[in-house]
Every structure is written in C-alpha cells, then in structure tokens.
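Novice: Here is how the chains run, residue by residue.
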Amino acid sequence: MNAPASPGAHAGGAEPHAAHGHDHAGHDEHHEPGFFRKYIWSHDHKMIGKQFLITSLVWLFVGGGLALIVRWQLGFPNEPISGPLGSLVEALWGTRTVNGDVYNMAFTMHASIMIFGVIIPMLVGAFGNYLTPLMIGARDMAFPFLNALSYWFMWPAFLLLTASMFIGGASGAPASGWTAYPPLSYLAGQGQTLWSLGVFLAGASSIMGAVNYITTIVTMRAPGMKFFRMPMTVWAIFITSILGLLATPVIGSAQIMLTMDRVFGSSFFIPKGLVQGTDPDLNPYQMASGGGAVILYQHLFWFYSHPAVYIMILPGMGMVSDILATFSRKPIFGYRPMVYSIGGIAGLGFIVWGHHMFQAGMNPMLGMTFMLSTMMIALPSAIKTFNWLATLWRGSIQFTVPMCYALGFVSMFVIGGLSGIFMAATPVDMHIHDTYFIVAHIHYVLFGGSLFAAFAGIYFWFPKMFGRHMNYKLGYLHFAITFLAFNGTFFVMHLVGLGGMHRRTQDPYSYYPYIESMLPENRIMTISAIVLGFTQLLFVFNVVWSMFKGEKATQNPWNCNSLEWTAAPSPPPHGNFGPVIPTVYRGPYEYSSPEVAEDWLPQNRDLAKPAGAPAGH
Amino acid sequence: MSSRALALRWSCAVAVLVAAATTALASDPWGLFPESASLEADRVDGLTYLILWITGITLVGVQVCMLWFLWAYRRKDGVRAKHTHGNHTVEMVWTVAPAAILVFLALYQMGLWKDLKSSKPGDNENAVAVRIYAKQFEWMFRYPGPDAQFDTADDIFSNKTLVVPVNHPVNAELRAMDVIHSFYLPNMRFKQDAVPGLHGRIWFRPNKLSIDRKPLRSSRGAEVKVDYFDIVCAELCGSQHTTMAAKLYVVSDDEFAKWQKGDEVTLASGTKIPRPSRTDALQSPYDFIWSTWAMQDDLKVVAPPKWHKGGPFYPDYKGDEE
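Protein sequences appear in the order of chains Z and D.
The letter at position 243 of the first sequence is residue 243 when you use my numbering, and the numbering goes up by one with no holes.
The letter at position 184 of the second sequence is residue 184 when you use my numbering, and the numbering goes up by one with no holes.
A portion of the hints provided could be inaccurate.
[What the hints assert, rightly or not] No more than 30 Å apart at the CA atoms, straight line, and that leaves these computed lysine-lysine pairs for DSS-like:
hint	chain 1	residue 1	chain 2	residue 2
1	D	K160	D	K82
2	D	K114	D	K82
3	D	K258	D	K272
4	D	K225	D	K247
5	D	K76	Z	K473
6	D	K82	Z	K609
7	Z	K226	D	K82
8	D	K76	D	K160
9	D	K214	D	K247
10	D	K258	D	K214
11	D	K76	Z	K552
12	D	K272	D	K160
[What the hints assert, rightly or not] Computed far set for chain D versus chain Z, every beta-carbon distance over 10 Å:
hint	residue
13	A7
14	A13
15	S27
16	P98
17	V128
18	A129
19	A148
20	Q149
21	H168
22	N171
23	S182
24	S252
25	D253
26	A257
27	G262
28	G270
[What the hints assert, rightly or not] Partial list, computed: chain D residues near chain Z (C-beta under 7 Å):
hint	residue
29	G86
30	W113
31	I202
Source of the hints: derived by calculation from the structure; they are not laboratory data.
Just so you know, even glycine gets a beta-carbon here, dropped at the ideal spot from N, CA and C.
Put together the whole structure using the sequences plus the hints.
Specialist: Below, the structure written as structure tokens:
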C-alpha cells in the first residue's frame, strides 16, 4: 500500500503492510501517491521534515555567503571582493567593493535568513517534524494538513526575503539590522516592507507548527509513553512549541504595526514632531501624527526575539542529550532536572527581554530587575551542562561523528553561556553592548550551539531518514575543520569587542584609529570565516552523495533505545510503524542496564516476554 | 629551617603578594580595553575582571573535566558503563553553588550601576552642561554659554568636536533628531542610546587630559599619536553610520574657558581645536535637504533659516523662547 516516504532504500525490517491504517481512514491508502502528493504537497510528517531540512540547508548557504561579504569588508576593507563571490556580488548589486549600503544589507539579511530561514526551520521544522511522531509512537502529526501549510507558508516568506534584497538595488534593500528598529526601518527603502511581511509569514509558519507539536505530544503518545518517558528531544520540542506559540504573535504584531507606520501613515512607533520632507522649497512635508514610542517597538521585538533564542537552542539541547546518552551507553544523568531546567529556561526566557535594552533609554531601575532575571537564567543552563558532564562520567564513550558534534556543542555552548554573564552585568554591558563581544556571544550560542546540534542531529538521524549512512571519514574531516575555523572566527571577536570595536560598521578603520589597530585580528577572523564557509560544501556533498550512494543502514545502527530506532524501519514507511503501535515499558535511556546482557534496552521491549521475541509486537 | 631559607621564603611570599596586588590594583592588567580615561571606567574594568575570573575558572574547569572524562571513559572492551540515573545530592550542589555565585554577582554590581546611571556626581556645582544632538551622520554639541541657560541667544555650538575640562563631571542631555544613535565613549566605558522623542540624561567624568593619551599601534606596527578620545556612534543609523565619529578633547580649565569664549586653543601636539560657533549649524538649508528627517521640537527653538517660507517646520515660531 504505502510506499516509503523517501527515495532511499527500504532497508531494515520491512513490516508487512497488512492491517495498517485503522486510524488512517481517509488517507490515500491503497495507491501509490503521485509525485506531487509525495514530494511537494505531502502530508507526511517525515516528508515535511525533510522538506524543511533541504530548504534550510539551501538557505544556510545564502546566509553564509552574505556573512562572507561582511567578513570580507572587515578583513580587507574597501578592496574588491575576489573570486566567484565577488562576481556574484557585482552581478547582483553592481559593485565589487562593499559600500555602506551593501554592507548594511549583507549583515541585515545574513541574520534574518539565518534566524528565520535556517535555524528555526531546521531545528524546529525539520527535526521537530521528523522526530516527534516517531519518538512518541504516533503515526503522524495531529494535523497533517496544517503541517503541510506550515511548510508552504515558509515559501512566500523566502520569496519576500529574497525579493527584498533586490527591490530598488542595494539602497532599497532592508538595511536596518535583523532587529529593524524604527525610525531607521521606518525610513528604509521598499525592501523593508517586504522584509516585515516575510518575517510575519515565517512567524505564521512557526505558530502553525507549534500548535501541531503541542497537540501531537499531548494527545498522541503511544500506550505507556508517559510524559516522563519521553526522550529529551521531544521534551525540548514540546517546550519550544509553547514558547513559539506564546511569543511569535508578538513579533507578528510588531511587524504589522511597523508596516502600518510605513505604508498607511500610522504612528505606532514614531514620536511627535518627527517630520518628513524631501525638498524644502517644494514643501512636500508629511508630518507624522506623533504619539508613538520608538522604544515600544524594541519591547515588542525582544519579547519575541529573546524567547526566540531559546526556540533556537532548546531543540539542540534535547538532541544533544539523546546523542550523549546513546554514545556514552549510559542513562542521561538527572533526567528530571534536565526536563525542569528546560522548563526553567522557557519560563525565565519570558522575563529577560529587557536586557537587550539596558542602554536604550529604558529606566535604570527596570534595568536592574532584568539584570537579576538574566543572571538567573544562566542557572538552568549550568545545571544542564553539569548533567551532560555527569552523563559522560563512567560511560563507555564512542567517538562517532554525531558524538563529536554533540561534544562540540557542549564545549562551545559553555563559552556562549558564560559570555552572556558579562552582558547580563549592566555596568559591563554599557561598554560591550553593540560591540563584537555580543556578536561573538550570539555566534557561540547559535553556531557553536544550535548549528553544531543540527549537524549532530543530521549525522545521527540520517540513517533513519534516508536508510543510508553518511560518509563518516568526510564527517570527521568536516567536524575538525569546522570546529577549528569556527573558533578562529568567533573567539577573536570577544577580544576586539572588549577592545571597543562596535558592530554593524562598514569601515571603522578609516574613522577610528583605535579600531585600525585591530585590523590584523579581523583579517584572521575573515580567513577563518572563509575556510569555515567552504568546509560546509564538504557537508553538502556528503549529504547529497550519501542520500543515493551511502552505505545502507539497518533499522537501529546505533543500538539506540527510542522508538524511532526500535520500532520503525529505516526509512520508516507511511504510518511509521507496523500494524500495531508499539507499547512503551520504560524511559528512553536504559543503556547498560543490569536487567539485560546487551548494553541497550529498547523502550518497547517487554521483559516479561522471552528474550529474542520481536520487540513491541 | 635556616634563617636564610626563611628569608627566601618570606621574600618569595612578599613578591607574590606584591605581584598579586599590582595585578589587582591595575585596572586592566591584561590590556583588554581601550585606555581608561575616567574613574568609572576603572570600576567597570574591575567588575569585568571579576566576572572574567569567575567565568574563566568555570570554563577551564568544565573543559578540563570534559576532556578528562573523554579520555578516562573512552570505550574499552569488556568495560560496561555505570548504570545510574543521577544523584540528588550532586544536583543540589550544582544548583545551589552557581545560584549563589549568580545572585552575588547580581547584587554586587547594583551599586556601580546606580552610580553610573541613577545618580549625579557629588560635586555637581562644577559640572559642565552640554546638550548632545545626534543626526544622520553627525554629532553636534550645544553649550549654554555665559548665562548658563540653554535655548538662549548666547548658546554656543560645536560640530563633531566635544570639548570638556578635565576632572569635571559632564552633565549632558542626549537628543536624537532622526533615527536612533548611540553615544559611545570607549575610553570611559560609557554608552547610551540617543532616542527620538526622549531626552536622555547622562553624565561622565573624564580624569585624563586627552593630550596625555598613550600612543596607539597601527595595524602596520607604527606608533600613532592621538590627542583626543573617540566618540563613536554605536547604533546602526544608516548607510554612512560608520562615518559618524566625533572627537572628545579633554582639556585644562583654562583651555576650556578660552575655547568657550571663542578663542583658538592649540594643544601641545599642535592640534588647533575647531572653534565653536554662535549659530546652530543645523539651521542651514543644506542640513535640511541632507537630513530629510528632523525633530521639530529640537529645531523650532532656533531662528528659522533665511530660506524659510513657512510650512510645518516652524508653525508657531515666535522668537527665541521654547
């Protein structure tokens, strides 16, 4: 009846397809779906997850290319960009040297694309979609149609963000930073409106996804899958979805209000007395009606965008927890404290947004309360780190490629977490706010954290997704270069940031002699960034090649306990499991349990049955 | 123990203490920051170093511990991992200990934050008043002039050059005329956004003449003598954001008085500080065309420019009063 949902080979335990589909009435059961229904307008959570994965990988390169434009200008100021990147920039924006407009556009779109088009769709969209039903023992998401919509709402967002870069040339592109603070964004060219609408649609997609994850996890868990038997990945997706559901509408409102200000002349964010005119003799003034508050936008923006940082890191923490336990062959240390600390991060995450505005003219008293809450949010992250370390303690550690990335995640996330304490300290923040220190911090969290976790996840679940292994020799090479080049790029940023090099400036060397002395450091960062960028081609080659030519994978190559490995073949068919939904008897981390001879004990194995009986059936 | 060995031991101890004390007393022993030019900068640096020590020890501890585990517990044939789900006592320890450190840090810095933001310096009588205007892509500074009142005919103006006397608190009002800018003095560790619609009250107190600033090293290794402190716009404000630099000259009381009178002041380095003007440079029609946006409130206090033909810029202009 249903074909496997991927072009990959149907290896491992192919289940008899009889009796499948009691709870699937109405689905296209007895015929092969056509190409369109299978690959484009698919309602299968696995295909939608893969769609999210592939599109976010494509966008990773667009965002990375934009970052290289920025790094080029900072490493080789006012020199024409060499190589194919230079030709591309010239073809698109008509200049090989990075002027103020191109520079501002590049860092604005780099951040926007990486956040709204890569990290969130990859961690929440791809892994959330692919793993949630498989891990909790459901046949699909609660609302498959809504799920397809949540993917296809990303496309208008992608198209709008792309168009925004070219409408009106470089000077018409969004160039107000990914934060898009008015009045600068209010004054910006037409691209800014497209940007706002693109972000709005990406937000709509997130909300649809969040509703779906929450409903699926609450209502569709397999028999015996209690909340506290769920893998950490599912916990992380669950709590992330609650964050996304509550916070995303706020940035949606902020973007609509900004668009209203820009297009219809409302004044949500524009204070009294700000007057627009183009030529004093022609007197075409439009007076803003006033009454708006510039800082209101910042509150709305960060009320979403601070929780968004946790939306981007929590799924990574969940996946890394699973991978660390698997390859330490040990239960995750402190399962409940790990769950509670995710909850703690999410809860505190809603009351720390003001720390982005310590120097924005906000009342200093208010700054103190946000400082206290921000200090405290370091606590759950510390607890998680100590538990990860304790998971390694007395384990039997296998250094597979996903394990290397998971360890890299822990190591880099510690740096990103600790550097946050500097900025939480309001007096220190006065100096390092808006400098490269914050750029270093965010990249240690979002690249060293989220993206390393995403790499770990791709190497780990690739055999399940496509039924084939990735090439692990290339994988180790990819990890080694990425790890070194990443630190070469971003660690140095801490130092130039403390030295007072402010961010988002195209040519600080010509105007600030104290920054000119930091040019050698910047050149090191740029060269590292170029290496970092090109190394990712290795990864993409590996993904594409392995999809078709990789070594075939068995059902459970890592001897993992959770349901996606123990109860579903690689790749899983439509409907995920055989005729019967697996029954869950224990938590997902019973590695090296004294109850059995082997060092793993599947969640769905009934120990009352004689050993060797097929698990869960 | 022989007296000689004792003496050696004691002198070693003293040497270590002296080294520790000088490290602790020097505000920036590792040269991480731009040269300090105010007492507040030293205090901020001290706090930064405290956090650096706490986080640095944590960082090294975690990474070393992790590498040790990776080495000691790598997979070995026949060795099974320990089956444990956790330990309540250690969870308590590593929850309470970081919490105590974080709460300590939070409380410890509150005093400094209050001094930096919420209160004015004690000897306010000697304070210098200045109003700072930020617009795309220029800083302008307005002094109240001899009558000590802003918005009167004797106000003096200075473009891209802020001159203040050393060891006096500077009380400034920060205004933005078009978009958000940020007034950043790296040498004072001072930063505050200039926000349209808000009049930010800020203060700083330089304790070093800008002429005494240590030479910088250029990227090619040459010594560069700079006789001013940098004023940086730290908030993205448009396509020419990077050019929005200004100079802060910290001078002696005499030089400041001379400069305010409109006399030329020449520093020991040979630099002639640009003289202030009596008229607001923002009046020129050029500025209106150049900067398509302007805060009406900030403009109507000055006389309308000669080209003025009426219109919404000065709807209720009635002379010099606000």
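Novice: For a quick check of understanding: which of the numbered hints are violated here, in increasing order?
Specialist: 1, 2, 8, 16, 23 and 31
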